[in-house]
Amino acid sequence: MKRHTAVRLLGVGALATTAALTLAACGQGFDDGGGSDASDDLTSSDDALTVMIGSSGEAETAAVEEAIAAWSAESGVDAEVLAATNLSQELAQGFAAGSPPDLFYLSTDQLAGFVDNGSVRAYGDLLDNKDDFYPSLVSNFTVDGEFVCAPKDFSTLALVINTTLWEAAGLTDADIPTTWDELASVAQTLTTDGRVGLAFGAEYQRLGAFMAQAGGRLVSADGTEAVADSPENVEALTYVKDHLADGTFAFAADIGAGWGGEAFGKELAAMVVEGNWITGGLAADFPDVEYTVAQLPEGPAGPGTMQFTNCWGMASDSPNQEAVLDLVEYLTSTDQQLAFSEAFGPMPSIESAAADWEAANPELAAFLAGSDYAIGMPTNIGITEVITDFNAQLESLATGDPQQMLESVQTNLEAVVGG
Amino acid sequence: MTATVHTPRRAGSRGGLRRGEGVAGWLFTLPIIVILGLFLFVPVLMALWVSFSDWSGRGSPLSSNVSFVGLQNYAAITTDGGLPERNFGLALRNNAWYVLLVVPLQTALSLFLAVLVSRAALRGRGFFRTAFYFPSVTSSVAITVLWLFLFSTTGVVNEVLSWIGLNGPNWFNEPRGILHLALAGLGVDAAPQSLASGSFLGVTWWDWLAGPSVAMTALILMAVFTTSGTFMLLFIAALQNIGGELSEAAMMDGANGWQRFWRITLPQLRPTLFTVITLGLIGCWQVFDQIYTGTQGAPGKTTMTPAYLSYTSAFTDQQWGIGAAISFILFLIIIVFTIFQRWVLRERAVSRRRRRPYEQAIAAAASRRAAS
Amino acid sequence: MTSTTALTDEAVQAGPPVTLPPRRRRLPPARIVGQVLLYALLIVIAIIYIFPFLVQVSTSFKTDAEATSDAVSLIPSTVTFAAYERLFTRSDFPLWFANSAVVTVLVTLGRVFFVSLAGYALARLRFRGRTVIFAMVVAVMAVPTVVLLIPKFLVLNQLGMYDSYAGMIIPLLVDAAGVFIMKNFFESIPPSVEEQARIDGAGAFRIFWSIVLPMARPALVTIVILSFQGSWNELSHFIVSTQSPELTTLTKGVAGLASGQLSQGNQYPLKLAAAAIMTIPVAVLFFIFQKRIMNTSEGAVKG
Numbered sequence: 288m289k290r291h292t293a294v295r296l297l298g299v300g301a302l303a304t305t306a307a308l309t310l311a312a313c314g315q316g317f318d319d320g321g322g323s324d325a326s327d328d329l330t331s332s333d334d335a336l337t338v339m340i341g342s343s344g345e346a347e348t349a350a351v352e353e354a355i356a357a358w359s360a361e362s363g364v365d366a367e368v369l370a371a372t373n374l375s376q377e378l379a380q381g382f383a384a385g386s387p388p389d390l391f392y393l394s395t396d397q398l399a400g401f402v403d404n405g406s407v408r409a410y411g412d413l414l415d416n417k418d419d420f421y422p423s424l425v426s427n428f429t430v431d432g433e434f435v436c437a438p439k440d441f442s443t444l445a446l447v448i449n450t451t452l453w454e455a456a457g458l459t460d461a462d463i464p465t466t467w468d469e470l471a472s473v474a475q476t477l478t479t480d481g482r483v484g485l486a487f488g489a490e491y492q493r494l495g496a497f498m499a500q501a502g503g504r505l506v507s508a509d510g511t512e513a514v515a516d517s518p519e520n521v522e523a524l525t526y527v528k529d530h531l532a533d534g535t536f537a538f539a540a541d542i543g544a545g546w547g548g549e550a551f552g553k554e555l556a557a558m559v560v561e562g563n564w565i566t567g568g569l570a571a572d573f574p575d576v577e578y579t580v581a582q583l584p585e586g587p588a589g590p591g592t593m594q595f596t597n598c599w600g601m602a603s604d605s606p607n608q609e610a611v612l613d614l615v616e617y618l619t620s621t622d623q624q625l626a627f628s629e630a631f632g633p634m635p636s637i638e639s640a641a642a643d644w645e646a647a648n649p650e651l652a653a654f655l656a657g658s659d660y661a662i663g664m665p666t667n668i669g670i671t672e673v674i675t676d677f678n679a680q681l682e683s684l685a686t687g688d689p690q691q692m693l694e695s696v697q698t699n700l701e702a703v704v705g706g
Numbered sequence: 194m195t196a197t198v199h200t201p202r203r204a205g206s207r208g209g210l211r212r213g214e215g216v217a218g219w220l221f222t223l224p225i226i227v228i229l230g231l232f233l234f235v236p237v238l239m240a241l242w243v244s245f246s247d248w249s250g251r252g253s254p255l256s257s258n259v260s261f262v263g264l265q266n267y268a269a270i271t272t273d274g275g276l277p278e279r280n281f282g283l284a285l286r287n288n289a290w291y292v293l294l295v296v297p298l299q300t301a302l303s304l305f306l307a308v309l310v311s312r313a314a315l316r317g318r319g320f321f322r323t324a325f326y327f328p329s330v331t332s333s334v335a336i337t338v339l340w341l342f343l344f345s346t347t348g349v350v351n352e353v354l355s356w357i358g359l360n361g362p363n364w365f366n367e368p369r370g371i372l373h374l375a376l377a378g379l380g381v382d383a384a385p386q387s388l389a390s391g392s393f394l395g396v397t398w399w400d401w402l403a404g405p406s407v408a409m410t411a412l413i414l415m416a417v418f419t420t421s422g423t424f425m426l427l428f429i430a431a432l433q434n435i436g437g438e439l440s441e442a443a444m445m446d447g448a449n450g451w452q453r454f455w456r457i458t459l460p461q462l463r464p465t466l467f468t469v470i471t472l473g474l475i476g477c478w479q480v481f482d483q484i485y486t487g488t489q490g491a492p493g494k495t496t497m498t499p500a501y502l503s504y505t506s507a508f509t510d511q512q513w514g515i516g517a518a519i520s521f522i523l524f525l526i527i528i529v530f531t532i533f534q535r536w537v538l539r540e541r542a543v544s545r546r547r548r549r550p551y552e553q554a555i556a557a558a559a560s561r562r563a564a565s
Numbered sequence: 631m632t633s634t635t636a637l638t639d640e641a642v643q644a645g646p647p648v649t650l651p652p653r654r655r656r657l658p659p660a661r662i663v664g665q666v667l668l669y670a671l672l673i674v675i676a677i678i679y680i681f682p683f684l685v686q687v688s689t690s691f692k693t694d695a696e697a698t699s700d701a702v703s704l705i706p707s708t709v710t711f712a713a714y715e716r717l718f719t720r721s722d723f724p725l726w727f728a729n730s731a732v733v734t735v736l737v738t739l740g741r742v743f744f745v746s747l748a749g750y751a752l753a754r755l756r757f758r759g760r761t762v763i764f765a766m767v768v769a770v771m772a773v774p775t776v777v778l779l780i781p782k783f784l785v786l787n788q789l790g791m792y793d794s795y796a797g798m799i800i801p802l803l804v805d806a807a808g809v810f811i812m813k814n815f816f817e818s819i820p821p822s823v824e825e826q827a828r829i830d831g832a833g834a835f836r837i838f839w840s841i842v843l844p845m846a847r848p849a850l851v852t853i854v855i856l857s858f859q860g861s862w863n864e865l866s867h868f869i870v871s872t873q874s875p876e877l878t879t880l881t882k883g884v885a886g887l888a889s890g891q892l893s894q895g896n897q898y899p900l901k902l903a904a905a906a907i908m909t910i911p912v913a914v915l916f917f918i919f920q921k922r923i924m925n926t927s928e929g930a931v932k933g
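Protein chains in written order, with our numbering: chain A, 288 to 706; chain B, 194 to 565; chain C, 631 to 933.
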């Protein structure tokens with residue numbers, strides 16, 4: 288019997304090894320992408336393009352689809368727009384499977400990782416309009432001296448105020464807050480039963496504005512040093528915490544809204560800290576709410592806000608990269624960017640369009656003004672996880688200890704920043 | 194098994210009625226061998242390789258660029274002291290509390306329902322069984338969507354609670370643990386020094402003892418709601434098999450309902466109990482669908498579970514080695530728990546002390562019979 | 631335990647217990663109270679179990695605003711079909727439903743066939759390696775599904791089956807528990823009929839197909855129920871095996887709906903309508919085969 292069992296086990300083992308080796312041999316599903324291209328040649332074929340976007344809502348999806356359809360008609364290349372439910376996951380899965388979308392939204396925090404494993408093709412220097420982009424945006428998307436992808440637009444955070452509630456509380460234009468104290472008192476005036484004065488999301492992507500106003504940031508401007516546990520940051524978080532505690536500020540989730548825009552639209556909050564995209568959301572879901580946009584108040588260290596931008600990423604595995612380049616040039620042209628801006632809010636990423644944009648949107652000038660002093664999100668590899676963890680901790684800011692939170696963020700950052 | 198000749202024949206034997214049976218046997222089982230082997234057996238081997246390698250997510254994991262890195266990925270989540278370790282610790286903590294609460298609750302509730310529904314004189318038994326079993330039929334996605342609605346800030350649960358004067362919490366957005374909340378109610382607001390200093394897997398002992406968060410509690414209730422029906426059926430079948438003889442005998446001996454249940458019915462349910470608890474443990478340690486659909490680990494990473502962490506590490510953060518490592522550690526945990534649980538519930542010989550009265554009674558009866 | 635021994639002896643000597651015709655007699659008051667309490671308890675629990683589904687259906691006919699403001703009421707103040715209209719005309723829901731249907735039907739058919747084949751072979755046919763294969767089946771049942779998330783993705787890629795119907799269906803075609811069930815069932819059938827057919831010269835497949843399989847109807851129904859439910863409600867496999875929107879199934883699609891997009895509002899009626907419709911097929915199956923499901927002690931195991 289023992290011999291039988293041994294033979295059987297050998298048989299099973301042989302089967303398994305053969306199967307594994309066969310799999311290794313027929314690895315047809317995978318593309319053995321051997322690093323980024325040495326040559327500057329872009330691929331070209333007749334294949335249709337897939338464009339994956341992380342849409343903020345129907346307005347954005349519709350606008351992108353329209354633009355791409357127009358380009359398709361003009362260029363003769365078919366293109367399909369996919370709105371992802373979870374962009375980073377779908378991108379990662381697509382890269383691993385060797386069948387990613389040809390063009391996609393790429394955020395600053397994911398950029399470094401995808402460049403590192405060769406998933407993304409750098410094409411910035413091949414663009415016709417590469418000198419037209421704002422330098423700060425270009426630097427956001429430059430890795431190891433290479434301009435990787437074209438910024439598609441950018442937004443800043445500003446203070447969005449519900450004018451009806453503002454006037455009903457007896458406030459005027461002169462009361463628009465320019466310091467932290469004024470913000471606190473105005474929020475207090477506007478806080479009533481069932482409505483808070485100021486709301487925002489419980490994330491670094493909003494609270495970072497307060498930190499900037501106090502003079503602090505997470506990672507130094509050149510990206511080499513973690514500076515999360517500075518006293519300035521503690522001051523900023525303490526300020527927010529105090530007002531969360533006294534009920535004049537609130538996190539959107541805590542007052543029953545999915546994000547700041549929804550809290551604003553449902554008048555659960557009289558003011559919100561949000562970015563350009565709020566205009567599209569409000570127009571679509573809450574068209575009756577009247578609002579005005581003001582620059583965020585200055586903190587102890589002066590003005591501060593945050594800037595967000597995404598770029599159009601090109602996949603290394605795309606079979607038709609030339610068409611993609613052409614499409615990107617189309618999508619970043621002045622006319623197209625202004626059209627996007629009108630549809631869902633963000634500001635054009637090219638300097639030549641700035642004047643046109645301001646003329647078309649005088650009421651949103653505060654967003655553009657913020658770009659002078661805005662800080663962007665850190666771009667180091669692995670930063671996403673640290674920020675996700677920070678956001679998780681921020682959700683309990685009202686009862687937590689800012690010093691401790693920032694210290695833990697500092698520890699995590701040190702593992703990620705500076706080698 | 195067959196009624197014919199019992200002489201052991203070698204399979205695939207020469208001639209006779211059973212000729213060709215060997216071939217038929219292999220042909221019949223070929224589909225399952227291929228599919229189970231290809232999609233269950235080989236994948237596990239491949240994932241094992243990925244967990245010991247540095248594959249970054251592009252190209253084949255079996256290509257020559259990918260190298261063996263030993264236990265690096267496992268170390269990253271258990272001893273390295275960074276964010277992966279802390280995430281793993283949090284995920285384990287969340288899932289441990291989930292298991293701790295769901296398994297006893299669902300076992301007790303399903304047993305309770307089974308006993309109620311198995312009562313001798315009960316009209317509408319079918320209706321009640323159907324009502325209790327129906328949630329188990331639905332998909333976890335559908336139930337999670339429903340639960341998100343029921344437990345929203347202005348949802349059904351909070352409204353019902355307000356009828357009895359309680360102010361329901363902001364269920365799915367509340368990251369504080371229920372133990373911490375209870376302790377805060379008793380005045381213990383901050384961590385005592387001893388618990389705040391030490392830590393395991395990057396999570397302080399105080400945080401380990403936080404209990405499931407309020408959001409996790411909503412998910413726990415959902416798990417009990419959806420699985421109690423299935424296990425109730427198992428218990429009903431077992432109760433029917435037991436029959437009432439011993440119970441009746443005990444009743445004649447003067448045992449009340451509770452004693453009858455505890456000392457007579459329950460021990461006989463041991464095999465079913467074992468099955469239910471094992472299935473419960475295995476299921477609970479793999480919570481994924483509900484997290485993916487409902488909370489995605491929020492609020493404050495208190496609904497993150499190892500299964501979901503394995504998925505996000507690999508598919509979102511592109512840390513495939515770490516994702517695979519997490520899933521294998523989870524595999525080990527499940528095995529350990531199952532074995533431990535088997536050991537705890539094993540049939541044990543009755544201790545000598547407890548046996549004595551019975552032995553004496555039997556001896557007395559035997560001597561009486563011998564004497565008469 | 632002498633009284634137990636006595637009872638058993640007497641019971642054996644007295645023969646089977648005589649069943650008295652049920653007499654209407656006044657129960658003692660304590661028993662009535664007990665019965666009333668029992669029913670009350672059962673009814674309360676049943677309400678707790680049923681109410682969520684009633685609310686789900688009624689909310690799907692409410693407006694978004696009412697769903698948020700007045701969640702408990704079972705009767706909407708204004709009945710509106712907006713959620714359903716949105717679901718069927720402005721989302722991919724019909725596509726998801728079709729995909730789920732296709733996959734479920736094919737998987738169920740496939741499973742019934744392959745699993746009964748294998749179960750029969752393991753139960754009745756003598757061939758070398760039978761015990762090894764059975765051991766493999768049992769071993770596979772022990773592997774938790776979570777371990778397979780990443781690996782299945784890797785294997786599907788290697789085989790070039792990623793993002794295709796084949797990749798969605800083939801891995802689900804075999805279910806170790808099903809093999810177990812069919813094997814047990816076949817072992818419980820008396821072998822005389824097969825022997826007769828074998829003597830008459832029928833080959834193994836013929837015996838299986840024409841003689842044994844028709845006898846296996848009860849077990850096959852169990853397999854059908856389990857595979858239908860299992861594949862209709864499957865989520866993680868579809869997440870890792872597909873990425874294009876054309877292949878999205880109901881579970882994946884509704885899960886995506888639930889996680890929602892920014893600036894879309896709560897949209898509870900829409901999500902609940904989707905969840906409700908998604909539940910209908912399994913509910914129908916459940917009600918049809920209720921007796922069968924309730925009486926089998928296997929039951930359907932949910933994780």
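Incorrect hints may have been included.
[Claimed, not checked] In silico lysine to aspartate or glutamate, EDC-like type, Cα no more than 20 angstroms apart, as pairs: (1) A:K528 - A:D516; (2) A:K528 - A:E469; (3) A:K553 - C:E696; (4) A:K553 - A:E519; (5) A:K528 - B:D382; (6) A:K553 - A:D419; (7) A:K528 - A:E585; (8) A:K553 - C:D722; (9) A:K553 - C:D700; (10) A:K417 - A:E616; (11) A:K553 - A:E616; (12) A:K528 - A:D509.
For the record, the hints were derived by calculation from the structure and aren't laboratory data.
Remember, it's a predicted structure, so these values are computed and weren't measured experimentally.
Hints versus structure:
no.: 1; hint: A:K528 - A:D516; result: 16 angstroms, holds
no.: 2; hint: A:K528 - A:E469; result: 17 angstroms, holds
no.: 3; hint: A:K553 - C:E696; result: 13 angstroms, holds
no.: 4; hint: A:K553 - A:E519; result: 34 angstroms, violated
no.: 5; hint: A:K528 - B:D382; result: 17 angstroms, holds
no.: 6; hint: A:K553 - A:D419; result: 39 angstroms, violated
no.: 7; hint: A:K528 - A:E585; result: 18 angstroms, holds
no.: 8; hint: A:K553 - C:D722; result: 28 angstroms, violated
no.: 9; hint: A:K553 - C:D700; result: 16 angstroms, holds
no.: 10; hint: A:K417 - A:E616; result: 9 angstroms, holds
no.: 11; hint: A:K553 - A:E616; result: 38 angstroms, violated
no.: 12; hint: A:K528 - A:D509; result: 29 angstroms, violated
Hint violations for this structure: numbers 4, 6, 8, 11, 12, all remaining hints satisfied.
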